[in-house]
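Let chain A serve as the given structure and place chain B on it in line with the hints.
Here are the chains, one letter per residue:
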Amino acid sequence: MTAAVEFRNVSRHFGPVRAVDGVDLSIAEGSFFAMLGPSGSGKTTCLRLISGFESPTGGEIRIFGENSGSVPPNRRNVNTVFQDYALFPHMNVRDNVAYGLMVKGVDRVRRHARAEELLALVKLDGYGERKPGQLSGGQRQRVALARALVNEPRVLLLDEPLGALDLKLREAMQDELKALQQRLRITFVFVTHDQGEALSMADQVAVFSEGRVAQVGTPAEVYGRPRTRFVADFVGSSNVLPPEMTQRLGGPARWSSLRPEAMRLIPPEGAALSGQVTALRYLGAGTRVVVRTGGAEIGVLVPAGTAVPEPGASVGLGFDRAALHLMDEA
Amino acid sequence: MNAAPPEPVAVTLPARGPGDRLSGLFWRHPKLLLGLLLAPPLLWLGVVYLGSLAALLLQSFYYIDEFSGVVVPEFTLKTYAELFRAQNLDIILRTVLMAAAVTLGCAVIGFPVAYFAARYAKGAWKAAFYLGVLLPLWSSYLVKVYAWKLILAKEGIITWAAEGTGTSAILNAVLSLPGIGGNSLSTSYIGTWVVFVYVWLPYMILPMQAALERVPVSLLEASADLGATRAQTFRTVILPLALPGVIAGSIFTFSLTLGDYIIPQIVGTSARFIGLAVYQFQGTAGNIPLAAAFAVVPIVIMLVYLTIAKRQGAFDVL
Chain A
1 MTAAVEFRNV SRHFGPVRAV DGVDLSIAEG SFFAMLGPSG SGKTTCLRLI
51 SGFESPTGGE IRIFGENSGS VPPNRRNVNT VFQDYALFPH MNVRDNVAYG
101 LMVKGVDRVR RHARAEELLA LVKLDGYGER KPGQLSGGQR QRVALARALV
151 NEPRVLLLDE PLGALDLKLR EAMQDELKAL QQRLRITFVF VTHDQGEALS
201 MADQVAVFSE GRVAQVGTPA EVYGRPRTRF VADFVGSSNV LPPEMTQRLG
251 GPARWSSLRP EAMRLIPPEG AALSGQVTAL RYLGAGTRVV VRTGGAEIGV
301 LVPAGTAVPE PGASVGLGFD RAALHLMDEA
Chain B
1 MNAAPPEPVA VTLPARGPGD RLSGLFWRHP KLLLGLLLAP PLLWLGVVYL
51 GSLAALLLQS FYYIDEFSGV VVPEFTLKTY AELFRAQNLD IILRTVLMAA
101 AVTLGCAVIG FPVAYFAARY AKGAWKAAFY LGVLLPLWSS YLVKVYAWKL
151 ILAKEGIITW AAEGTGTSAI LNAVLSLPGI GGNSLSTSYI GTWVVFVYVW
201 LPYMILPMQA ALERVPVSLL EASADLGATR AQTFRTVILP LALPGVIAGS
251 IFTFSLTLGD YIIPQIVGTS ARFIGLAVYQ FQGTAGNIPL AAAFAVVPIV
301 IMLVYLTIAK RQGAFDVL
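Line order of the protein sequences matches chains A and B.
Mind the numbering: the first sequence is residues 1 to 330 in my numbering, read in order.
Mind the numbering: the second sequence is residues 1 to 318 in my numbering, read in order.
Just chain B, with the same shape it has in the complex:
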């Protein structure tokens, strides 16, 4: 039997429609696609975000007329000088100390969790980890903070548990610590710190876990093989390699604490933090320039913090 000669297969397949033609266009001009994808977010970032930030910055160089309460649009550093008045410096110092304490707390509590998740958790355990870390983020921030107010209150579960287990003395000793203690946990700096650590913890754990996951097990084995104890391996191998993750997490916890104005209002002493100051100056007081100057403070602190971190080589491994 004589088979018909096979149809020659086309070298170039025909375009199937506008989709094919469009992807052909993108193939010939790869930068076009990149430009189209990047334009909306860059516009958003550039105009909306950076634009408003610039407007804010501009406001901070104006001042408010003390008699009329009207903002005078003239360049001055007077508003910044106001930041250095004792009561305002107090606010800044209090906020920075709290942010540092919260960051440290998150790092210390979060590290073992992140380490476990990165090194040992597999399958269902990994899912449980993500669920456990992210679950608190699902519920409203306000609900969580009020829940903590109830937990920490004088009539709350902690006081009750301390009485039940006969550890009231410890609780009272903690509450009588000078400076950070108070009448009850919910009206002390300790309470504010606990709630801050709780709400920002996921933002610390996730970047640390991502960084730890990239450390190959063989590096830890090599360290032990060469004679290092576990503590030495932690200090000389794990920590330096996880540092970018810790720094990334601390950027979250630090800046979120610097800017928050709700938690210190609900839990803690009624002393003001930067966020609250910004909120009050731009709202009730109508002092937009001072609010703007206060808003610049966290930005400057973060820039200083990142510069120091970079100098210390925190990003060398990236």
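In isolation and in its complexed conformation, chain A is listed as follows:
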């Protein structure tokens, strides 16, 4: 099966700045693909390379097997949900949604009917007459989504789609987007800097760092078996351990990562590893306890309902050997 989107050694340099540098990626058709990374890591540029608003300075991008090099954005059957939604302020919601059909020359009756269908899909029936300025952030987001779907794109791109929404709404929209994607079977590619969002929605996650892809895998792979220190650090709140620390925990002299939730506090007497509690952070569902041991600080997640030690207390650290993940690279 040809990939929906394929990056072959793609670079996008802006003068001396290597926004995207030698990226190879294959996004399977029908998948929900996340590009995750801190700001400036090249993920948004990659999205713009797919939509055609940027052109690669090296390599090639294939969309369903076709080299997209010379195809302008308006002729790519790829649509985007913009970060600021980019709704046309002078058109009402229905005309916004129908815009893609209008520029194709679909007559008014047919395009309005189709727009109403899409508004129903995003649960905004009856909002057609309103102007974007009269909608809440969450509603605007849905309009942007409906508008991007009106042309039945082969690939839907979402640029930080939930970034401007508050927490509760963001979680609700995560579920909705996921359900929508599963229903429509369109390939979704979304950019985010929120690792929780990437892990909860995506089938595949590409973690970006400084214009390169640090790791691609399922959320479980990226979370559980980070390939590099950067991935371990960025995805989740893992303890990244230097080789000497790994050895003290009974592993080989290599960098490793250890999830805070895979550790537990035990009495210091007789423990293989012990130290002092230096800080506590209450998280609601648990408490993150930072323990200083052998020159390193290790975070331990203590579930709610378990006794939490005072700062300064001596504690022992227990963990599963199986949870100690050795990384391929520093």
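What the hints contain is simulated information worked out from the structure, not anything from laboratory work.
Possibly wrong hints are sitting among the right ones.
As the list claims (entries may be wrong) - Simulated restraints, written as ranges between beta carbons of each label pair:
1. SER55/A to TRP125/B: 17 to 25 Å
2. ARG235/B to ARG225/A: 50 to 58 Å
3. HIS13/A to VAL9/B: 54 to 62 Å
4. GLY65/A to GLU213/B: 37 to 45 Å
5. PHE64/A to PRO216/B: 28 to 36 Å
6. ARG281/A to ARG214/B: 38 to 46 Å
7. PHE116/B to ARG183/A: 43 to 51 Å
Ideal Cβ placement from N, Cα and C applies to all residues, glycine included.
Using the frame of chain A, we list chain B on its own:
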């Protein structure tokens, strides 16, 4: 060592003088400051400007005694009826057509400049844009108009350049256009139009540029993303969003052309425009009521123009 207990920090800082007390007063009465700031300009506008306008309006309802040449302060619509005499209607029609043509010319020439400045110009280029647009405003209006008279004259640089490049035929063809042509550019309506467009162009470019600057790039990208060609994006997104700026600019160019009385005197046929008519009626002819009635014409035209623009939804985006 026992440190001295720290001095407690005051909860309320003492007033440092009349300045602090005054700003405290304004803080407690925010409307007082607003009132003080607005009073002088409102007085200026209300009394001096609107007052003189009302006086003018009043004059237009008087009439001049044809034998004695004295203004008779009695209410009448006779003076307005005079506006509809053929020679006066000619003046009005000529002025309105010229103002419309100048506005259209400014919009068409100014739009690409404004678009470039809003979308692409950064740093030094932006400074160059402002300088280029505003520089002509630094020199005297009369100097510019006379400079144009020289440029457009029969012995001027345009005729010379046309002869040098062998394009005299084109120039002559343009000059022989019925109605707007003439003996030379400087004595034709075309010449008047060129100079009007030149002097009012900055007033069109600046508001258009301000309006275009407020159109986010993402809207243009969204349009292209959804399949629109550049022409479609221009028609359905850029133009409607820039329209308030175009209207604002056209208010300047239109009303400035309606009221100007110097350019048509210096460049063009000697046919009269509204501004010139007002000037002559209130000066040499001493017919203040008719001058006032003529002065009301541009005001009425602008009101009609703005009403139509509003009906068309030109200000919906504001």
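The hints, checked one at a time:
| no. | hint | in the structure |
| --- | --- | --- |
| 1 | SER55/A to TRP125/B: 17 to 25 Å | 23 Å, holds |
| 2 | ARG235/B to ARG225/A: 50 to 58 Å | 53 Å, holds |
| 3 | HIS13/A to VAL9/B: 54 to 62 Å | 55 Å, holds |
| 4 | GLY65/A to GLU213/B: 37 to 45 Å | 41 Å, holds |
| 5 | PHE64/A to PRO216/B: 28 to 36 Å | 30 Å, holds |
| 6 | ARG281/A to ARG214/B: 38 to 46 Å | 43 Å, holds |
| 7 | PHE116/B to ARG183/A: 43 to 51 Å | 45 Å, holds |
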